[in-house]
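Using the hints, put the two standalone chains together into the complex.
Chains E and C, in that order, give the protein sequences.
Going left to right, the first sequence walks through residues 1 to 82 as the working numbering numbers them.
Going left to right, the second sequence walks through residues 83 to 586 as the working numbering numbers them.
Please note that the accuracy of each hint is not assured.
Distance condition first, Cα-Cα at most 20 Å in a straight line; then the derived SDA-like pairs of lysine to any residue [unchecked claim]:
no., chain 1, residue 1, chain 2, residue 2
1, C, K582, C, G415
2, C, K180, E, A75
3, C, K582, C, M567
4, C, K537, C, P517
5, C, K456, C, N565
6, C, K180, E, T47
7, C, K180, C, I170
8, C, K180, E, L54
9, C, K537, C, N565
Derived by calculation from the structure, the hints in this document are not laboratory data.
This one's a predicted model, so the numbers in the text were calculated from it and none came from an experiment.
Spelled out from the first residue to the last, the chains are:
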Amino acid sequence: MACFVGYYVVWSVTPALHTPLMAVTNAISSVIIVGALIAAAAAGSGTSKWLGLLAVTLASVNIFGGFAVTARMLAMYKKKER
Amino acid sequence: MEHAAPPFWVGLAYLIAGVCFILALRGLSSPATSQRGNRMGMIGMAIAVVTTLVTSSSSWSTSYGDTGFLAHVGTPMEILAAIGVGAIIGITTARRIKMTDMPQLVAAFHSLVGLAAVLVAWAAFLNPDAFGIAEGARMLLPPDADPSSAHAVFDKMHIHQVSRIEMGLGVAIGAITFSGSVIAFLKLNGNMSGKPIMLPGRHIINLGLIAAILGLVAYFFTDDSGWVFFTITALSFLIGFLLIIPIGGADMPVVVSMLNSYSGWAAAAMGFTLQNTAMIITGALVGSSGAILSYIMCKAMNRSFISVIAGGFGAAPEVGGGEAKAQRPWKRGSAEDAAYMMAQAEQIIIVPGYGMAVAQAQHVLREMGDLLKKEGVRVKYAIHPVAGRMPGHMNVLLAEANVPYDEVFELEDINSEFAQTDVAFIIGANDVVNPAAKTDKSSPIYGMPVFDVGKAKTVFFIKRSMGGVGYAGVDNDVFYADNTMMLLADAKKMVEDINKALAH
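Excised from the complex, chain C in its bound form (with noise of 0.2 Å):
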């Protein structure tokens, strides 16, 4: 039977969904209109799915229910259900997720586009008729055929070979995106040790797993049999699982934005397969907005990204120069000597970091704030770019805890304050504050664009006890300093004790 083509309109509708997606991380250059883009980004969603559901509900008019047929098409309601389900889990998630959890739920997220771009893979690998993919058939839409040919059509049917190649990536990519995704998942919700896992051997087997992939699908072009395509998603998931396992906590920056590319690219592969332009436009779109962002975070952590997905810091580095130093004579400060010295301050600058995440401490560290504002002292945030466990995951931070956005700043337009600052306090950070990372070239951070606290006239360094030395391991100079003052305690307690002498 013959098929019509697609109406136009259905091409031009996903191109303006496409469109919408543009507009909508476009509205994201400014807070301001960030709003208006998140809202362009729900319309555009919107057009596409009623596009589909629209275009689709053809095979639902067409009586497949006397050869009992109908069990194999979904029903609007059966439909609607699924998308009804999967709102409320999402609404609730996002309802009650905490904001110092984002990047768990981010990283859950994206383990869930990687999980539904293999199984539409899989669904087409299955079904391929009703994708428009089998040799013969050119349609998006399923064949108003009757269904008895149908069947027998799709006995014999194969893959465009073309469409293979695209197949075979995507369920790769979208496995690759699942499995890393939750092994990250796990690893910020703290299910699992956010140290690296290092197994021996291990770019050996991932250069090997590599290669049998793209062997794969390369074979998968000349032989469309079950297993190949099998085999590829399952060696996908091991290698998603293999390459997440030894990247460490700090770079976790750099691994959700990669996933994050990795979920657009999944989409990209499978709209070719569909040959549908809204989802190539929007997988290239966020595919490029992730690459984007993993450039930036490594360059921020002056790494290159083959040394991040090589794995974390080396064992070797991390013993490094942090035992010698031990023993240096370091001060103890109170909160009162820190609520003192702030009070009389002209300007403090506040670093925040993970531990400030970790303690929950950004509502105290407003009314910190806030405090120190009535004294007439000028605060400022100093945010550095891999601050946290996701990008931006400070400024989120802080917006939640109402800190204004024109008291927050990037490393570049803070970092030449600090000489005539008179505190900087930091609260929760430390590899981002450590002059090694200018001076010294043995240091695993050696390079990395750094905050130049020792120049404050003080420093307050917030920090649970002297024996942890942050992320990379390394001993920062900045603790035996003249001018440092070390404020040994949990983060909340502590601002939560210089609030309490700052309000006396």
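Bound-form chain E, shown alone (with noise of 0.2 Å):
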């Protein structure tokens, strides 16, 4: 179903805009850090919980970054539209 959306929405995006298309899909497939916080606040196991812990600050970052780079990108084309 998402690969059939996906489909339709990702046609329609403007060449122009491929790059930051690239930088927000890219935040938001730091999703995995849904994963990455259940294995960090999970109990039952040390390493889990120190591997889901690097994996939320691995997955922050990409968010962080991947939305402010996108931002920054997008600020710039808006800028001349006046």
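Below, the structure written as structure tokens:
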């Protein structure tokens, strides 16, 4: 289902915005942080927890970095609309 | 002890997060709505994270303290600290990065997603009960059973067989994404030669490795011991390296979008393991978007996906026609010539390429455009789909230099205009304007759509020297055409000189 929606949505993106598109998709693929959070917060194994915490850090670099860089790029597109 | 099913709102929240992500991509269909799209993405992510934290927090409230179990549970403080560290690193990088370095940044970010996927898979492998994938436990939340019995269960636990396949695939894709992205990053960043590195028999090695990984994932289905999982991870890291090493610089747009796609599939595979709607939707969304981008890039180069993956332009055709023609006469122009011709022109089309990015010439180029506009010249920019090192790279650079996006045109929209154009100004591009792609069947770039720059009355070609012949290693007939003047210099310096001449 998501593939199907993704298919239509991506085709409608103008080539000029492919780089921001990649940055955004990259940021949202860090939704893997959900898995990382579960791992970090779950009881049962110490190793698991540390792996999870590390994954949380990596994924949040990605989330914040990805959205911030996209915002920066898009701000440049926006500027000369006047 | 009985587990309570995750409340209904959790599933709904994840679903809403997924929808937010779809709207985020939707927003990117036009520059006007793109910022709203980006905000949508952030909202979606916030919903997903908060939902997970709230549902997981039930594990914090249960007292593991007395058995010393606390050390095994990430406390809210630790988790917030982890997010905080990530946020600081991420935001500072995003602020500091130069727009020309975007491809590296994106590759680096992909590697992080890949690595995170591997770590999550390992965490799940070591602690399957917490992920609700252990035999007998059907819950997403950790059990609030008393710790001693949890321990007992943990020791004997096996992972669901279906989950094993998903985890195996997830860890494999994640590892490939990670190591592949690291190589792509090193190549893009210039820490490693952009030239394809060909290993003898690499196809056989790669196919063998892929077969081995798939075989092991299948074997993991029957035997969930640690070495199988470990070997899958290790082999996948290896194949990630091997896959990307033979791919050359100009194919990087394809590689970067392909890795983008992989990172999505890795998230989706883990989403199936954890039965998390948000992860599945998003992963599939990213995966398919990356796949489509790769497809668009391949089509723009008229190369099949397989041939890109199988490794750069082969060594054999590279030598092809180039040498015989090497001694043909060409005309050298000066900055003054170019300035004079362009100031007289009615319309000029600027064709930027990767060379412009390397020389950081986008700002001076825009100044040149402004000066020319003052002279009453119509200035347009023509961007080839594969110009630069990632999809849309040139557009971002021109946007950074404040070039209005309605002056920037795509290949199909502008190609017919070269015939009515006085000056085609090519800066740092080569293969995308090479007529050999249309005429010479033996050329490695044959069939790739190119700009018909030769149809313009005059062509200026900024190039560092006559020596290098673009990425594909193909000589370009445009160099030797009667209406072409070569401007041999660093792109930025040449454009600065032209600007000086124009200002007179």
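Outcome of the hint check:
Among the hinted pairs, K582(C) with G415(C) is consistent with the structure: their alpha-carbon atoms are about 16 Å apart, no more than 20 Å. With a C-alpha separation of about 15 Å, the suggested pair K180(C) and A75(E) falls inside the 20 Å cut-off, and the hint holds. At roughly 19 Å between alpha-carbon atoms, K582(C) and M567(C) fall within 20 Å of each other, so this suggested pair holds. Between K537(C) and P517(C) the CA atoms are separated by roughly 11 Å; this keeps the pair inside 20 Å, and the hint holds.
With a C-alpha separation of about 25 Å, the suggested pair K456(C) and N565(C) falls outside the 20 Å cut-off, and the hint is violated. A distance of roughly 37 Å separates the Cα atoms of K180(C) and T47(E); the hinted pair therefore is violated under the 20 Å criterion. Taking the CA atoms of K180(C) and I170(C), the gap is about 18 Å. The hint holds against a cut of 20 Å. At most 20 Å may separate the alpha-carbon atoms for a hinted pair to count; K180(C) and L54(E) exceed this at roughly 27 Å.
At most 20 Å may separate the alpha-carbon atoms for a hinted pair to count; K537(C) and N565(C) meet this at roughly 9 Å.
In this structure, the earlier hints numbered 5, 6 and 8 are contradicted, and the remaining ones agree with it.
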